[in-house]
Structure formats: structure tokens, C-alpha cells
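J.: Chain by chain, the residues:
There are 4 protein chains.
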Amino acid sequence: MAFQLPSYKHPDFEQEPFRSAPNAQIVVVEKEGVAPQNYHGLSIYPEYFKLNGEWILASESRMDGVPVLRTDGTIQVVEFRNLQVSDQVIVGRTEDGHEGIYVYANGFRSHDPNSDLFAFRSGRSRETAYSKDYNELYELLNYERDNGYIVWVLGPAVVFDYDSRQALSALISEGYAHAILAGNAMATHDLEAALFGTALGQNTYNQQSPPNAHYHHLDLINKAREAGSLKTLIEKESIQDGIVYSSIKNKVPLILAGSIRDDGPLPPVIPDVYQAQDEMRKHTRKATTLICLATQLHTIAAGNMTPSYIQKNGTIRPVYIYCIDIAEFAVNKLRDRGSLEVTTLVTNVQDFLVHLKNNLV
Amino acid sequence: MAFQLPSYKHPDFEQEPFRSAPNAQIVVVEKEGVAPQNYHGLSIYPEYFKLNGEWILASESRMDGVPVLRTDGTIQVVEFRNLQVSDQVIVGRTEDGHEGIYVYANGFRSHDPNSDLFAFRSGRSRETAYSKDYNELYELLNYERDNGYIVWVLGPAVVFDYDSRQALSALISEGYAHAILAGNAMATHDLEAALFGTALGQNTYNQQSPPNAHYHHLDLINKAREAGSLKTLIEKESIQDGIVYSSIKNKVPLILAGSIRDDGPLPPVIPDVYQAQDEMRKHTRKATTLICLATQLHTIAAGNMTPSYIQKNGTIRPVYIYCIDIAEFAVNKLRDRGSLEVTTLVTNVQDFLVHLKNNLV
Amino acid sequence: MAFQLPSYKHPDFEQEPFRSAPNAQIVVVEKEGVAPQNYHGLSIYPEYFKLNGEWILASESRMDGVPVLRTDGTIQVVEFRNLQVSDQVIVGRTEDGHEGIYVYANGFRSHDPNSDLFAFRSGRSRETAYSKDYNELYELLNYERDNGYIVWVLGPAVVFDYDSRQALSALISEGYAHAILAGNAMATHDLEAALFGTALGQNTYNQQSPPNAHYHHLDLINKAREAGSLKTLIEKESIQDGIVYSSIKNKVPLILAGSIRDDGPLPPVIPDVYQAQDEMRKHTRKATTLICLATQLHTIAAGNMTPSYIQKNGTIRPVYIYCIDIAEFAVNKLRDRGSLEVTTLVTNVQDFLVHLKNNLV
Amino acid sequence: MAFQLPSYKHPDFEQEPFRSAPNAQIVVVEKEGVAPQNYHGLSIYPEYFKLNGEWILASESRMDGVPVLRTDGTIQVVEFRNLQVSDQVIVGRTEDGHEGIYVYANGFRSHDPNSDLFAFRSGRSRETAYSKDYNELYELLNYERDNGYIVWVLGPAVVFDYDSRQALSALISEGYAHAILAGNAMATHDLEAALFGTALGQNTYNQQSPPNAHYHHLDLINKAREAGSLKTLIEKESIQDGIVYSSIKNKVPLILAGSIRDDGPLPPVIPDVYQAQDEMRKHTRKATTLICLATQLHTIAAGNMTPSYIQKNGTIRPVYIYCIDIAEFAVNKLRDRGSLEVTTLVTNVQDFLVHLKNNLV
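From first to last, the protein sequence lines stand for chains A, B, C and D.
In terms of our numbering, the first sequence has 297 at position 281, counting the first letter as 1, and numbering is strictly consecutive.
In terms of our numbering, the second sequence has 27 at position 11, counting the first letter as 1, and numbering is strictly consecutive.
In terms of our numbering, the third sequence has 51 at position 35, counting the first letter as 1, and numbering is strictly consecutive.
In terms of our numbering, the fourth sequence has 208 at position 192, counting the first letter as 1, and numbering is strictly consecutive.
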């Protein structure tokens with residue numbers, strides 16, 4: 017069964033309380049990086065603001081961002097740290113429309129056979145039945161490969177195992193990834209596997225640790241720093257497999273953010289985490305599907321900046337978010353943040369990736 | 017690459033300290049169910065005892081069992097509770113031969129390409145590379161289907177999901193199971209899925225809970241008790257899929273042990289856990305491969321009664337034990353018991369089973 | 017602040033739909049151990065049944081038990097396996113009263129400062145704030161020691177550590193336990209600690225493993241079997257500390273149920289799990305507070321047989337259930353069963369017990 | 017029993033192979049941030065290098081750093097990224113002395129009653145006995161308060177609960193912390209608790225979520241950014257409790273590193289993670305005890321930069337590292353890195369902190 021995009025139904029602003037609601041209030045920023053009191057904080061849902069008597073949909077969203085009215089009449093979403101003096105911030109903390117602010121959580125729900133994708137699923141655990149989630153994901157990814165923008169968020173666990181590393185590389189090569197967000201560790205271990213067959217010194221296939229193999233990790237980093245870029249490293253060392261290789265070869269953007277426990281780092285890693293957030297958000301704001309694997313911090317980071325909808329070519333469609341982790345605590349953490357529109361699977365990402373490859377490639 | 021059985025090398029008892037060691041000492045049981053002081057407790061390894069100047073291999077083993085010399089000269093392994101007055105128990109707590117007792121942990125190790133199956137693998141976790149373990153298991157199971165005795169130990173988690181329940185059923189139908197050890201819960205949820213499509217009231221495919229579906233669990237139990245046997249239930253209700261169905265249809269013995277949290281129970285469940293142990297041991301003593309899925313207690317129970325070797329048709333071969341669980345704590349627990357000869361995989365058993373089916377059936 | 021028992025408010029059966037509801041229907045049992053079709057299954061909440069025009073409260077409850085009308089007009093709760101031919105079972109699967117069956121979940125809620133003990137607390141995890149839960153539990157236990165019936169359900173983890181084993185022993189000695197439900201493993205490790213200072217061969221204080229200490233476990237079991245009873249063992253071996261010792265000394269009933277992975281077992285362990293359930297239920301039906309520590313199966317077993325209320329001396333009061341485990345999965349499992357009236361703490365039971373002792377003894 | 021520092025025994029370099037070993041080889045850095053081929057990577061242990069016929073102890077260590085010979089004859093430890101052109105790097109990958117490089121893991125072991133603190137403790141889990149570890153830690157901290165440098169590494173979980181937040185604050189006030197390493201999240205939630213009584217919108221004592229309390233988190237950040245510094249914020253808002261308050265009041269350095277999932281950030285958070293590492297290392301190189309609570313990344317970060325020994329006032333003493341986390345996976349991860357000299361406790365950090373306060377303050 018092919019995937020079908022659910023349609024979006026705008027609220028009926030001819031009804032009350034919308035019709036007689038006042039315009040949303042606006043206060044300007046007086047200090048760089050600081051919002052005015054009573055600023056409105058955005059959710060992951062579509063939010064409408066009444067301005068000049070019209071209900072305007074924010075052009076995008078981002079959890080905990082602030083809505084800023086631009087001179088062209090659009091509403092953009094800005095992080096505190098990026099607020100500029102004179103920015104026009106919408107203030108108010110109600111969500112039901114009567115103050116000119118309306119958070120609309122049900123736009124995709126009512127009239128669609130796929131609408132159960134949005135149902136609140138309580139208590140997902142290792143014992144939840146995941147067959148249907150897998151099948152829906154296969155269909156979704158086949159649709160998204162050609163019609164969407166699939167963003168992967170990767171923890172290092174995806175490259176420790178031979179089969180799963182190959183599986184993910186194949187998915188990238190076959191067009192199932194439009195951007196990859198990760199950190200220094202994932203890229204380091206992946207390149208170590210390409211160059212030495214090991215990850216953190218242990219062979220990714222037979223689990224053996226050759227003598228002095230704990231140096232592989234550092235040697236890879238040192239070689240990469242000497243090469244000056246991952247592209248040069250790959251050429252110099254004739255690397256021909258893995259996540260980094262497949263990304264570069266297929267021109268899939270690879271954003272690597274720095275982390276406090278990094279060795280190295282590799283050349284393209286962004287040391288400033290807020291600058292890294294800005295780079296990540298360039299892709300999450302285009303994302304139609306987000307798949308987060310075995311990384312709690314990057315998952316929350318990317319999840320926070322990914323709204324539940326996207327405007328594309330004049331239409332509004334849902335954004336699908338998946339989070340796969342072996343720990344219930346980790347997947348629940350994302351949902352507890354308010355990102356209820358997330359499909360979580362509790363399993364080892366190795367097996368998850370091999371399933372995807374088997375069913376897609 | 018086809019699986020090859022490693023050969024076993026007997027100890028060289030012409031060497032010291034074996035040659036000049038005394039006979040092992042024997043003390044008779046004086047009270048039923050109580051071993052004499054200083055009794056020898058068995059391990060999972062081959063153990064030899066010097067008797068009448070000859071080194072005799074115990075005909076089988078069982079962790080924490082007691083070696084009893086029978087009148088026919090064989091050494092059998094008996095649990096405390098099964099000791100009878102006058103049983104001749106071997107006493108002594110050394111293991112290196114100098115008191116006539118020799119525990120032999122290296123019989124399969126030295127000269128075999130598959131010997132790394134026996135290596136101590138420290139720190140297996142969600143981040144261990146499992147590709148090779150999967151591949152070796154596929155080869156092993158293909159060999160064992162025709163040449164061995166594969167015993168499955170199942171927790172209820174194997175039947176909560178549609179695909180994994182189908183996968184395991186297919187493996188049973190295709191001959192990959194020679195006996196199944198489980199509890200009331202696994203069988204109950206499996207039959208609920210067969211009859212109502214739900215497990216504990218939740219649909220095993222789409223996760224939905226129809227109205228009053230929490231009654232399905234009890235209704236299934238009540239119907240089974242009314243039928244009087246699972247075979248009759250399956251006929252009466254025209255059940256045609258699942259673990260219980262496939263076991264019965266393919267005449268695979270299914271041992272169901274009672275547990276303190278059971279509802280019901282189903283007709284064939286054994287209420288006395290020690291009697292259930294005896295029934296389980298009938299199969300573990302024949303086992304050449306043991307696969308334990310998502311059940312901590314049954315895994316330890318079966319692991320305790322499964323030795324690392326088996327004598328079959330005059331030859332001695334290793335017994336392969338696998339333990340798959342999503343929690344590191346659970347798989348480590350088995351290894352901490354001394355069962356180092358266990359291959360553990362940390363993942364969701366749903367995915368594990370679907371992989372097996374994809375690669376075997 | 018001293019603990020105050022919330023008062024119970026009976027439903028107003030003068031209102032509709034109660035007033036004009038028909039009597040509940042009754043069907044008699046035709047086969048031993050099998051309920052009639054459409055039998056009513058009980059919850060943990062107070063349930064009222066209309067009989068002869070009167071709304072009668074079941075005298076007790078038990079999850080998944082069946083309501084049976086006795087000739088004296090009382091309604092008792094019977095497990096399937098204990099149903100006798102001619103038992104009068106109430107049938108019907110609605111809960112709102114209109115068929116003569118009313119499940120009443122809010123009897124304690126409306127008018128009490130402690131009523132938040134009953135609130136649904138979503139998403140409890142390692143990051144939940146537990147200070148208030150601890151404080152309320154201290155107050156509750158001080159009240160219950162003199163006015164209630166505190167039942168402990170213990171996994172073996174409570175005796176592996178020196179301080180926590182001492183803490184729990186002290187709580188028992190000081191009157192904070194009226195019954196203890198556990199298995200062979202808890203008692204075995206506890207007595208091994210009393211006799212040898214080790215649990216499963218490892219010293220409970222300094223973590224060291226003396227030579228051949230893995231025999232301690234078996235030696236203890238063998239000595240206990242020789243002694244014939246735990247009381248005799250304690251006298252013979254001059255044991256003076258621990259859970260078993262404190263229970264016996266203070267005449268606190270100790271129910272030990274058999275489990276599939278038991279060695280031994282110890283003399284008083286009940287091999288038949290359903291007989292063990294019957295023994296456990298003798299105490300859970302008296303329980304006013306139930307505290308379950310680090311044992312998934314026994315927790316579910318005891319939780320299933322413990323209702324949310326108890327009738328005592330003509331009044332109805334709530335039963336408080338606590339479940340403490342280090343795994344979110346384990347504590348959520350109990351809640352997923354429908355036992356929402358449970359306070360769960362995610363932590364190591366060692367620390368939990370030491371806190372209790374520090375604040376109570 | 018008071019804590020006693022174990023003495024350190026230098027290797028006997030008059031013995032072979034030390035005596036006739038060649039000098040260690042040196043190669044100069046040719047490219048900034050890149051080590052010469054075959055560079056030596058440091059461990060957490062004391063390492064000696066033969067230079068001009070003398071065995072010189074590196075003045076400090078840092079896992080995976082590179083030893084650089086300074087013109088004053090000392091050996092310093094430099095991260096790749098901080099290597100400068102012309103730095104003299106010691107090369108060679110043997111550790112036993114015969115190439116002029118000696119890694120010395122046993123300096124504190126042989127002759128000391130506390131030496132078991134250094135024993136390899138396999139398989140620590142939720143079921144390990146922790147009583148002795150607690151007692152030793154109490155003694156250690158009392159010694160270190162006056163004679164050492166205690167560095168805390170804190171995940172946000174330490175401030176979600178009322179009692180544990182108070183406990184840690186008291187420990188800081190009483191002199192048990194000489195530096196604190198954490199991230200934006202810990203400080204944000206702590207200050208939210210100080211200002212609103214909530215953490216991420218949930219009351220830290222009674223778990224309730226007042227209306228719109230999810231704004232507290234953002235409001236706190238916004239106020240802090242407006243204040244411009246945490247000190248000013250605390251004064252302006254009259255904050256009088258918590259981790260941040262106690263640190264500032266007691267002049268305990270508080271290093272806050274940025275993370276990819278941060279909101280805000282707070283004013284003093286260091287956005288560049290490598291600069292943050294440099295700031296952290298200023299304290300870890302002074303650390304005599306390191307206590308890491310519920311933060312996987314910061315724990316590995318700090319653990320990597322903390323050696324197993326420290327030279328102070330001419331003597332060499334051990335550095336004690338503790339890691340407390342509720343997940344076995346997290347604590348094992350640190351040990352798998354090679355940091356075997358770590359004492360790990362598997363529990364909820366809330367309870368751990370309250371125990372510390374009860375026994376120290």
C-alpha cells in the first residue's frame with residue numbers, strides 16, 4: 017500500500033472566538049538576545065496570530081522559539097540568542113485564540129486513513145508491537161525519497177556494527193537521506209572502520225581487538241586533521257565505504273556538531289554548539305521526515321527545532337518524526353518534552369537499520 | 017560457509033597429576049534430599065572423576081547438581097531435592113585432578129577455527145557488533161535443524177508483535193525447534209492473539225485496543241480451561257497460527273511452567289515448579305543449542321541445567337547457548353552465574369526473530 | 017505532619033441510573049474451574065452489584081477475579097481455578113451501573129488533603145522528584161505500624177548489600193512489617209549472608225569472594241534441608257541477623273513461593289505456585305499498605321491480588337501500594353496493568369531501604 | 017576510621033630493562049594541531065620517559081593526550097588541537113620501558129590497607145553491595161575537604177528533586193566542592209527551581225505542574241540573559257538556594273559548557289566545546305577526587321582529562337574517581353574506556369546525594 021499524505025484543514029476563522037478576537041500584541045526587543053516580558057513561546061504545532069484583523073500562520077515553527085513579525089508581514093521564529101534590537105515579538109500566553117494567538121494541534125487529524133499516525137500512544141516499550149510502525153515507515157520513506165526531505169540524526173552506535181554500517185551507507189546511496197546531523201564521535205568511528213576495520217579499536221565484524229588497536233581512533237583523527245578535510249582524507253586514504261564516504265559521494269549535507277567529550281576534533285566539526293544548532297536548523301526546517309537513532313542529546317536538539325508541519329509549495333503537510341533507542345527512558349524523554357507527534361521504537365538501532373535496508377534497498 | 021562442529025580433545029590422563037591422583041572419595045546419602053558434607057557441586061563443564069583407577073567422564077552435567085556414582089559405573093548428576101538415601105555422592109572441592117576430580121574447561125578450544133565462539137567476550141552491550149554473531153547463528157541453526165536438538169526458552173515478549181510471532185511460528189514449522197520451554201503467560205498471549213488478534217487486549221499489529229478487549233486475556237484462559245487441553249481448544253476454535261499451534265501441529269514438545277503471577281492457568285501448565293524443572297531438564301539434557309529470549313527467570317533456569325557439552329553417539333560436542341534480551345543487566349546476569357560459554361545479544365527480540373526468519377526460512 | 021486516613025464516600029444509589037437499574041444477572045458454574053460465559057471480571061476498585069434491589073459492595077476485590085454470590089448474601093471474589101460447580105457468578109461487562117454492576121474509582125478522591133496520593137502521575141522516571149513521596153511514605157508507615165497491615169514483597173536484591181539488609185531487618189524488628197512475601201532466592205541469599213557473610217559467594221560488605229565461596233549458596237541450602245525448617249536452622253547455626261531471622265523472631269509471617277530457577281529449595285518454600293498464590297492472598301486481602309521491592313513477577317502477582325480499598329471494622333479505607341525498582345520498564349509494567357493507584361519510585365532498593373531505616377527506626 | 021592516603025612507590029629504574037633502555041625518541045610537530053606519526057598517546061597512569069639518560073615522570077596526564085618535552089625539561093600533556101609547530105613530541109607505542117617509555121599502573125598498589133580501592137571490580141550492577149563504597153567515600157570526602165580538590169561533574173538530574181538539590185547545596189556550602197563542571201541544563205533547571213519552585217515546569221517537591229509552568233524554563237533563561245550574569249540575576253531576584261547560588265556564594269568555580277540541545281543559553285555558558293574542555297581541564301588537573309553524577313557525556317569528558325595520580329607539593333598521590341548513574345550501561349561505558357580506576361555506583365543520584373548529606377553535613 018503506497019503512502020498517502022494526509023490533507024491539512026485550516027481552522028475556520030469565521031467562527032468564534034476567532035472572529036471577534038483582538039489582534040495579537042506586539043512588543044519590540046530592547047536588548048539583544050532578550051525577549052520582552054510575556055513573550056509568546058512556540059510549540060511544534062501550527063500557530064496562527066491575528067494581525068491587522070487577519071489570522072496569519074507562522075511560516076515555520078520551533079519549540080521554544082519566539083514569533084517575530086517581519087516587515088513583509090510574515091511571522092518568523094527566532095531563538096532568544098538570535099533576537100535583535102527592534103525585533104517585533106508577539107506577546108501573550110494563551111493558545112485558544114481569544115487573545116489573537118491560536119495553537120492548532122488537530123489540522124491533520126479528522127479525515128484521513130493515516131491519521132492514527134498522530135494518535136497518542138501511551139506506554140511504548142520493548143513490548144509494544146512494532147510491525148505496523150515498520151511497514152508504515154517503509155512506505156513513508158519510499159514516498160519521501162522522491163517527494164520529501166529526510167533528515168537523519170545519528171548517534172555513534174550506528175557505526176559500531178558491520179551490517180548496520182553497511183545498511184545505513186546503502187540507504188544513503190539509494191537516496192533515502194537528504195541531510196545527516198551527527199557529532200564528532202559518529203564520524204570518527206565511521207572513518208576508523210573505513211580505514212582500520214575497527215571502531216574504538218574493536219573490529220566491527222569479529223569483535224577482536226588487534227594489538228595497539230586503541231590507537232586507531234587517535235590515528236584516524238590525526239590523519240584527518242593532517243588532511244585538512246574529510247574529502248581530502250577519503251581521497252588520500254582511498255576510503256570507499258561508510259556513512260561519511262556515502263554522504264560526501266552522494267552530496268548529502270553532513271553537519272557535525274562538537275561535543276564536550278570529543279577527541280580531535282575532525283576538521284569539519286563545528287566547535288560552537290549554537291552555531292551548530294543554526295546549521296542543523298537549516299535542514300530541520302526543510303525536513304519532512306526526521307529519523308533519530310541512538311543519541312539522546314542530538315535527538316532532543318533536532319526534535320526541538322522540528323515542527324509538526326511544513327509549508328511547501330503552498331500546501332501544508334505533516335512532518336514525521338521517528339526516534340529509535342534501546343532505552344525506554346530515552347524515547348520517553350523526547351515525548352515528555354511535548355513532542356507527542358513522535359513515533360518511538362525501543363530496540364537496538366543495528367537491527368532497525370538492517371530491517372530498513374532489507375525492505376528498501 | 018557451512019557450520020563445522022569443533023572436535024573434542026580428552027585430557028591426557030597419563031600425565032601428572034592425573035596419573036598418581038587417588039580415587040575420588042564417595043560418601044552415601046543419609047537423609048533424602050540432603051547431600052553429605054563436602055559434596056562436590058558440578059559446573060557446566062565436562063568433569064572427570066577417578067574411580068577404581070579410571071578417569072570417568074560424568075555422563076552429563078548440570079550447574080550445582082551433585083555427582084552420584086551408579087552401580088553400572090556411570091556418574092549421573094542429581095539435584096539435592098532428588099537425592100535418595102544410599103546414593104553414592106562424590107565429595108571433594110578441588111578441580112585440578114589431584115583429589116580425583118577434574119573440571120575440564122578447554123576441551124574444545126585449542127584446535128578449531130570456530131573456537132572463538134568460546135572466547136570470553138567482555139562488556140557486551142547495545143554497542144557490541146553483532147553481525148558475526150548473527151551469521152554464525154544462521155549457520156549453526158541450519159546445521160542443528162538436521163543434526164542437533166534446538167531448545168527455545170521463551171518469554172511472553174515474543175508474541176506481542178505480529179511479525180515476530182509469525183517469524184517464530186515459521187521457524188517452528190520449518191524444523192528449527194525441537195523443544196520449547198515457556199510459561200503460562202507466553203502461551204496465553206499467543207492464543208489470545210490467535211483467537212482475538214490481541215495480546216493483553218492490544219492488537220498485535222495496529223496497537224489498538226477494542227472496547228472491552230482487556231477481557232480477551234481472561235476469555236481465552238476460560239475457553240482453554242473449558243476445552244480441557246490446548247489441542248482441543250485449537251480444534252474447537254479453529255486456531256491456525258502462532259507458537260502453540262505450530263508446536264502442536266509439528267509435534268514439538270511445549271513445556272509450560274507455572275509462575276507466581278499467572279492467571280488461569282492454561283490446562284497443561286505445571287503448577288509445581290520443581291516438577292516443571294524436571295520436565296524442562298528432559299529437554300535441556302538433549303539440547304545441542306539453547307536459545308533464550310526475553311525471560312530472565314526461565315533463562316537462568318534453563319541455563320543452569322544446560323551443560324557446555326553433550327555426549328551423543330559416542331562423541332562429545334559443545335552445546336551452544338544464546339541469550340537475547342534488551343537489557344544489559346539481564347544478559348550479564350546469566351554470564352555472572354559462571355555460564356561464560358554464552359553468546360549474548362542485546363536487542364529487542366522482535367527484531368531478532370524477524371532476522372532469523374528472513375535468513376533461515 | 018501526621019498521616020490522616022482519607023474518608024470514603026459511598027455512591028448515591030438514589031440517583032440514576034442506579035435507582036432504576038435491574039438486578040445484576042447470575043449464572044451458575046457448570047464445570048469446575050471454568051466461569052460461565054460473559055462472567056464479570058473484577059478490577060482493583062470497589063465494585064457494587066445490585067441484588068434483590070440492593071446495591072451490595074463486594075466484600076473484597078482481586079484483579080481478574082470473578083464475583084460469586086454466597087448464600088449469606090455476600091459477594092466474594094474467586095479465581096477461575098477455585099470456582100466450584102454451582103457457584104453463582106455475576107455476569108455482565110458494563111461498569112456504569114445500568115446493568116446492575118458499578119465500578120467506583122473515585123470513592124476517596126474528592127474531599128481530602130491527601131487525595132493527591134491517588135492522582136494519576138504520568139511519566140515517572142529516574143528524573144521524577146521523589147522527596148514528597150518519601151515524606152508521605154514515612155508518615156504512612158508510622159500510621160500503619162499501629163493501625164494497618166504492611167505487606168512487603170521482596171526480590172533478592174534487598175539482601176545483597178550489608179546496609180540495606182540491616183535496614184530492612186531493623187524495620188521488621190520495629191514493627192513495620194506484618195507479612196513478607198518472597199521467593200526461595202531472597203531467603204537463600206539472606207541466610208547465606210547470616211551464615212557466611214556472603215550472598216551468592218560475594219561478601220555483602222567488602223565485595224570480596226573468598227576461595228570456594230560459590231559453595232556457600234549450596235551449603236546453606238543443604239544445611240537448611242538437613243535442619244528441616246528455617247527455625248531449626250537458625251537455632252542450630254546460631255543465626256542472629258537478617259530478614260528471615262527477624263521475621264521468625266518477631267512472628268512476622270514469611271511466605272516463600274517457588275520459582276522455576278530455584279536451587280534447593282529451602283524447606284518452607286511452596287512448590288505449587290497457585291497454592292503459593294492462595295497463601296499470599298491471605299495476607300494481601302488484609303493489606304493496608306503493600307511495598308514491592310525489586311521483583312517484577314512477585315510485584316505483579318501481589319499487585320494483582322491487592323485491591324485499592326479494604327473494609328475493616330465497618331469502614332472502608334484505601335490500600336496504598338508502592339513499587340520500587342531501578343528500571344522504568346518494571347515500574348511502568350505494574351501501572352500498565354491497570355493498577356494506576358500505585359506510587360512508583362525508580363531507584364536502587366538499597367538506598368530506598370536505608371532511607372526508610374534512617375527516618376523510621 | 018579516618019582516611020589514609022596510600023603512598024606511592026617509584027619504579028626502580030636501576031633494574032632492567034630500564035637501565036639499558038635507550039632514550040625515548042622525539043619528533044617535532046610540523047603542522048599545527050597534528051601530531052607526528054607514531055606519536056605516543058597517554059593513558060591515565062603515571063608515565064615515565066627516558067630523556068638524556070634520566071627517567072622523567074610526565075608532570076601530569078590526560079587520556080589520549082600527547083607528551084611534549086618542554087625546554088625546561090618537563091613533559092607536558094597536550095591535546096592534538098593544541099599542538100604547536102615545533103613542539104617536541106615523544107613518539108613510540110610500547111609501554112614496558114624498553115623503548116624509553118614506561119606506563120606504570122601499580123604505583124599505589126602493593127603496600128597499603130586501602131589498596132583494594134584499586135582492585136578491578138568486575139560486573140558492578142544494581143545488585144552490587146555498595147555499603148563499603150559509601151563508607152569509604154564519606155571518609156575520603158572528609159579528608160579531601162581540607163586536603164584535596166574535589167571536582168563535581170553534574171548532570172541535570174541532580175536538581176529535579178527538592179531533597180537532593182538541598183543536599184548538594186549543603187555539601188557545597190560545607191566545603192565539599194572545590195569546582196563544579198556542568199552544562200546549561202543543570203544551571204537552568206537549578207535556577208528555575210530557585211525562582212519558581214519548578215524544574216522544567218514541574219514542582220520539585222510535590223510534582224505538580226501549575227498552569228503555564230512550562231514557561232518557567234524559558235522565563236528563567238530570559239531573565240538571566242537580561243541580567244547579563246548569574247551573579248546579577250541572583251541579586252536581582254533575591255535567589256537564596258541551590259547549586260548555582262551556593263557555588264557563587266562560596267566562590268566555588270562553576271564551569272558551564274554548551275551542549276547541542278541547549279535553550280538560551282545562560283550568560284556564562286561556554287559555546288565552544290573545546291574552549292570549555294580547556295576550562296574544565298584547569299580543574300581536573302588539580303582534582304584529587306572527581307565525582308560524576310548522571311551525565312554520560314560530561315563524565316566521559318571529565319574522566320578523559322583526569323589522570324589516576326597527581327603530583328602535589330613534591331609527592332604523588334592517587335586521584336579517586338566516582339561515577340554514579342542509574343544505568344549499568346552508563347557506568348560501564350566509562351570503565352570500558354580504560355578508566356578502570358573508577359568506583360561506580362548504580363543508583364538514582366537523588367538518593368546518593370541525600371546519603372552524602374546525611375553522613376557529612
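These are computed hints drawn from the structure, not numbers from a lab.
Be careful, since some hints might not be right.
The list cannot tell twin chains apart, which means a pair is met if one copy fits it or any two copies do.
Calculated cross-link-like contacts (lysine to aspartate or glutamate; reagent style EDC-like; alpha-carbon spacing at most 20 Å) [what the hints assert, rightly or not]: (1) 328 / 48; (2) 252 / 46; (3) 47 / 242; (4) 252 / 152; (5) 47 / 162; (6) 47 / 235; (7) 267 / 162; (8) 239 / 251; (9) 328 / 30; (10) 373 / 257; (11) 148 / 111; (12) 148 / 257; (13) 302 / 162.
J.: Any hints from earlier that this structure breaks? Give me their numbers in increasing order, please.
T.: 1, 4, 5, 9, 11
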